[in-house]
Amino acid sequence: MSTFTFSNDVKILCGDHALDNLPFELRERDCTRPLFISDERSHRLGFAKEVRRAMDNDLIEFGATYYKISEVASPKDCDDIVNLYKTHGCDGIIALGGENVAQCAKVAKLMLLQGVGDFVYFNHKADMDADKISYSDLPLFILPSDIPCGIEATDRAMIFDEKNNLFYNFNSVLTRASAVILDVRLTDIMPAKAMATAGLGALAMGVKGFVDNSANPFALAYATSAVHTVINELLPAMRHNSNADYRISIYSSIINAGVTYYMIEESLLRDMTNELAIKTGNSVLKILSVIFPVYYKEKMGQERVFKSVLMPIVGEEQYALSNAKSRDIVAYDTLKEFWSKVTELAQIPTGLHELGIEKGDFVKLADAVINRYRGSDPHNNYTTIVRLLEEAF
Amino acid sequence: MKNSGFYYEFHNPTKVTAGVDCLKEAASKLPSLGLHNAFFVCDDIEKNIAVDEVCKAINSVKVKTGATYVNSEKIVCLNSLRDMRDVYRVNNCDCIIACGDYRAVNTAKTIRMLLSGQVVRFEDVKGINVARKKVNIPLVIIPTSVGISNMLTNSVLIKDDYGAVFECVSPLCAPDYVIVDPSLTSVFDAPTTIAGALESFAQNVEEFVSKQAITLTKCMNLIAIREIRDNVFKVVNDPMDVHAVLGLQRAGLLAGSCYSSASAGVAHAISAALANVTGRDNYICTGIVFAACMRYNLDVVEKDYAQALYYIVGDDKYASTPQEDRARTLIETSGKMIKELFEENGLPTTLSEIGIDEEGLDRVVEETMKSYALVTNPKNVTKDDVYSILRSVM
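One line per chain: the protein sequences are A and B, in this order.
The first sequence: position 87 = 87 (our numbering), numbered continuously.
The second sequence: position 212 = 212 (our numbering), numbered continuously.
Watch out, some of these pointers could steer you wrong.
[To be verified] Sample of chain B residues at the chain A side, in silico, Cβ under 7 Å:
| # | residue |
| --- | --- |
| 1 | PHE10 |
| 2 | VAL16 |
| 3 | VAL165 |
| 4 | PHE166 |
| 5 | THR215 |
| 6 | VAL236 |
| 7 | PRO239 |
| 8 | ALA319 |
These are computed hints drawn from the structure, not numbers from a lab.
All C-beta atoms in this analysis are idealised placements derived from N, C-alpha and C, irrespective of residue type, glycine included.
Working from the sequences, and respecting the hints, build out all of it.
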């Protein structure tokens, strides 16, 4: 039994009227002039108004508001947030929106805490690792108004500098949110396709987290919870997409899956997925929903044991009845069957070619992934990456 | 838009490092938490050989031991807390490190809450979220016994000037960092192991069926129950098996992590009341009433109990137990396990053995009904219910 460390003090507030607790959470952290940032979509759909309404009741005023976060989180967005924050003397950040808003709010928090005024500071520093375990806090509240991406409650953030074709991967407690608030009022009915893609992405993160974090009981619980929820509630969530309970349940499973997935120190799957996502403009969850079955099959053939993941997939009854020696195969088959059912029902992409990725890009992509990968698993080499990409094509 | 009004909160503010011989490496992180001059709280410096080892480890990373306070009260009293405040101030301490069993943990969490909230009248903190953070005082906990689930909880117990016990719930009680190194578990005897394992088992089961349980906390509880099953008898048979001790400590960590979200139930409420009235250890009281409390909740949590059985008995027994018998089997198995462990070690298994008579019942019931834990019990508990549970184990 090896040593583990677990640290995740992000408070999760989830469900009906969760937003109403935002003023309390702000007061608890002595935050009186938060900067409110969002994107056009959340503003247009009236979600920003909902947040304002929740604040009005408690007479908390925003230090400043900014609704122009780009669709893909960029260095400029981070700089804009930092400047606004400083100019208006803010003392916290409320970030409402999708993945883009969450990512740049997290990086802006890190910049403010480290006294970095311009994103240029990070130029050519590919991976910013954490070097502290404590910090003077800057309250950051992430309010997903779109399908979460899984990074919300983690120490990770990613920014893509399109101009210079640079990908910044942050891994620091300084990017950590104080709380993630998932409220039904901030979500809209999701098409079954989007729900299916996100659910499968969460399932992939959960299974990966389950297998790689088996020594850490906390991370294992997050993974188990995510896998169990997706397996049991994704199909109902797709069939009854006006049912807010199912929707919130799947969203919270994405948050939990993210906690365990992004806790893995080194992961070829994550490096590959991030690279593909950032270079092709697809979400991480979408890439995972396509590439994971291929990755899983590849890993099945290696030493890593997948048998215990059968438990959250099929539950105690089936697990107890299954043959202990073939549990890894049963887990794989069950997961594959589930994957096919969801992809067929929602008619979502099953190959990378459907996501706009071309075979000609594989060499370049594999190069970038292998440069990023810092793990020591000898199986994870250039040839493996190209083979996985080809199989997932 | 269908919406059932479902809502939950989950928060685990504590960083945890757990592993065999992890102390040295974990201690190296302490200076970055802002620790310089520590107020060191322990329960029994003479018996607890781990204290010396912990002091050496923290001193080696340039964290001074500004003052050491030994407190072996089961529930810390206000006078001791006032003493501690003075010692902390006189020695210019800037952080608190606790080393010991549940007593040291409860004491350190309490004094941290009071000092961090700059509370003037300690008796005024009774209740939920009364103290608010005014100064940052890092709190590190290094437990030296198995299954201390109060390590990660946000609540403490305090004895007032009249001997009455009250509970405080505050985020200020939760430590910043917990270091669990089973090599420091210095009291290697069966009753101590049983105490830790039982407390942790009962807490995990109660959290699992709590009204406020969520999928995440339930998963933590089931992992914890499996850890207890896998390790408790190993530790009873070989108390030096540090890996098995670590397993039990992991179970305690998981239970503690779920507490602020899922809370507890009727067994927690009754055993705390019994411990308060009789002065006996909490785990003994839990052992006496736990199976009866499980039986009481059975009709509303049958499905959950049935599921939990798997983590106690494993594949074969679970598969061969008919579905409709699983919940009862869990209660019987748990009850039998506790009874056997208690009898083998000469521990009491009835209320009369710990000096509770018909008259004493009234006090226990009265104390029980004050507990916050009843709010999250899956069934609404009445006074009559508590009488009935207690009489079944007289």
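Hints versus structure:
1. PHE10: Check passed: Cβ of B:PHE10 comes within 5 Å of chain A, closer than 7 Å.
2. VAL16: This interface hint holds because 5 Å falls under the 7 Å limit.
3. VAL165: violated, 27 Å
4. PHE166: violated, 23 Å
5. THR215: Given a least distance of 5 Å, the restraint on B:THR215 holds.
6. VAL236: violated, 18 Å
7. PRO239: violated, 17 Å
8. ALA319: This hint holds: B:ALA319 lies near chain A, its Cβ roughly 4 Å from the closest one there, short of 7 Å.
Against the hints set out earlier in the document, violations occur for numbers 3, 4, 6, 7.
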